[in-house]
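*Asks:* Read off the chains here:
2 protein chains.
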Amino acid sequence: MESTEDYVELIDDLIRTQGEARLVDLAERLGVSQPTAGKTVARLQRDGFVTSEPYRSIFLTERGKSLADAARERHDLVYRFLLAIGVSQDTAERDSEGVEHHVSEETLQAFQRIINSSDKA
Amino acid sequence: MESTEDYVELIDDLIRTQGEARLVDLAERLGVSQPTAGKTVARLQRDGFVTSEPYRSIFLTERGKSLADAARERHDLVYRFLLAIGVSQDTAERDSEGVEHHVSEETLQAFQRIINSSDKA
DNA sequence: GCCTGAATTTAGCCATGGCTCATCTTATAC
DNA sequence: GTATAAGATGAGCCATGGCTAAATTCAGGC
Ligand SMILES: [Mn+2]
Ligand SMILES: [Mn+2]
Ligand SMILES: [Mn+2]
Ligand SMILES: [Mn+2]
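Residue numbers (the working numbering), protein chains in the order written: chain F, 1 to 121; chain V, 1 to 121.
Keep in mind that a hint or two might mislead.
Put simply, identical chains are the same to the list, so a pair is met inside one copy or across any two.
Claimed, not checked - Distance condition first, Cα-Cα at most 25 Å in a straight line; then the derived SDA-like pairs of lysine to any residue: (1) Lys39 x Asp25; (2) Lys39 x Thr51; (3) Lys120 x Gln109; (4) Lys120 x Ser52; (5) Lys120 x Thr4; (6) Lys39 x Glu2; (7) Lys39 x Met1; (8) Lys120 x Val24.
Keep in mind the hints are simulated off the structure, nothing from the lab.
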C-alpha cells in the first residue's frame, strides 16, 4: 500500500522531530481528518507496523521501522534526483511524494548515477 | 483518477490497433475481471469520458479522447526517459505505468531535456 | 431458424480510504 | 479537585476498485 509507506515514514519523522507521533499531527500533516488517520493507524497495527494503545502516542514495530527507513531512503533519493535534473524545490517535493511509490530498484540505481554525475560536474 | 487515465488510454489503443474496444480485452489487458472493467466503464460513462450501449463496444467522447492523448503522451515521455537513463525495457514499461500519473509538467520538461541531450550524444 | 459458447451484465460481497457528527478521555489551568 | 478544551474514538455514511457466481444476450455454425 502506498499509504502504508507514507504513514510509517511520517510516524518515524514525527518521533524524530517531535519526540512522539500523535494522531492529531499525523492527520494535520497528511491533510486528512483525525478519524481517517485513526482508522489507518488501526490498520497499520492490525498489519504489524505499529503499536498503539487508546489515547496514547504511536510507536513503530521493527517491521514498521524498516519499512519507514526504506521509504525515506527511496523518497530522499527521488527528491534529490529531481533537484539534480533541474526541477524546482516545490515541484520536487510534490512529485517525489507520488513517484517514490512507483520506482523499482533498477530505476533508483539509474537515478543515483545521475545524481553522482551531476555532483561531479 | 489514475485508473481513468489508464482506461481511456487503453480504450484509445484498442480502437487504433483492434478497430474497437471490447470489455473483454480491457479486462484482459488490465489484469482485471470483466465485471470490474464493466463497473469502471460505467463510471467513465457517468463522467463523460466514454459512451457505451449494452453489449456493444466502447467509444471515447471528445473529452475522453483528449485525456487519452494527454495520458499517452505523458506515458511515452516517461518511458523514453527511463530508457534514456539506462533502465531496461521491461522495467521502463512497468515503472512508467505508475510514474506517469505523478509527474508534473515541470518534471516532464526536465525529462525531455535529458532525452534530448542523450539523443545528441 | 436454432444451439451453443462467448461476452456482457446483475447481484452481492469485501477492503481501502475518505468524510461528518457525536461522544468520551485526558490533561491542564485554575 | 473540578471545569474545560484538546485529542481520540465511535458510529455511520460514501466512492473507488477489486472479486465470484449467476443470469442474460448475442453471434456464428450448423
Ligand atoms: Mn514519502
Ligand atoms: Mn508518498
Ligand atoms: Mn498509461
Ligand atoms: Mn498507468
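*Asks:* Each hint: holds or not?
*Replies:* How the hints compare with the structure:
1. In this assembly of identical chains, Lys39 and Asp25 lie within 25 Å of each other by CA distance solely inside one copy; the values are 15 Å within and 37 Å between copies.
2. For the homomeric pair Lys39 and Thr51, the shortest alpha-carbon distance inside one copy (13 Å) is at most 25 Å, but the shortest distance between copies (37 Å) is not.
3. Proximity of Lys120 to Gln109 under the C-alpha cut-off of 25 Å is found in both arrangements, the shortest distances being 17 Å within a copy and 23 Å between copies.
4. Taking the shortest Cα distances, Lys120 and Ser52 never come within 25 Å of each other, neither inside one copy (46 Å) nor across copies (56 Å).
5. In this homomeric assembly, Lys120 and Thr4 never come within 25 Å of each other (Cα to Cα): the closest approach is 36 Å inside a single copy and 42 Å across copies.
6. Taking the shortest alpha-carbon separations for Lys39 and Glu2, both the intra-copy value of 15 Å and the inter-copy value of 24 Å come in at or below 25 Å.
7. In this homomeric assembly, Lys39 and Met1 come within 25 Å of each other (Cα to Cα) both inside a single copy, at 15 Å, and across copies, at 23 Å.
8. For the identical chains of this complex, Lys120 and Val24 are neighbours neither inside a copy (43 Å) nor across copies (52 Å), given an alpha-carbon limit of 25 Å.
In the structure shown, a violation is registered for the earlier hints numbered 4, 5, 8, in ascending order.
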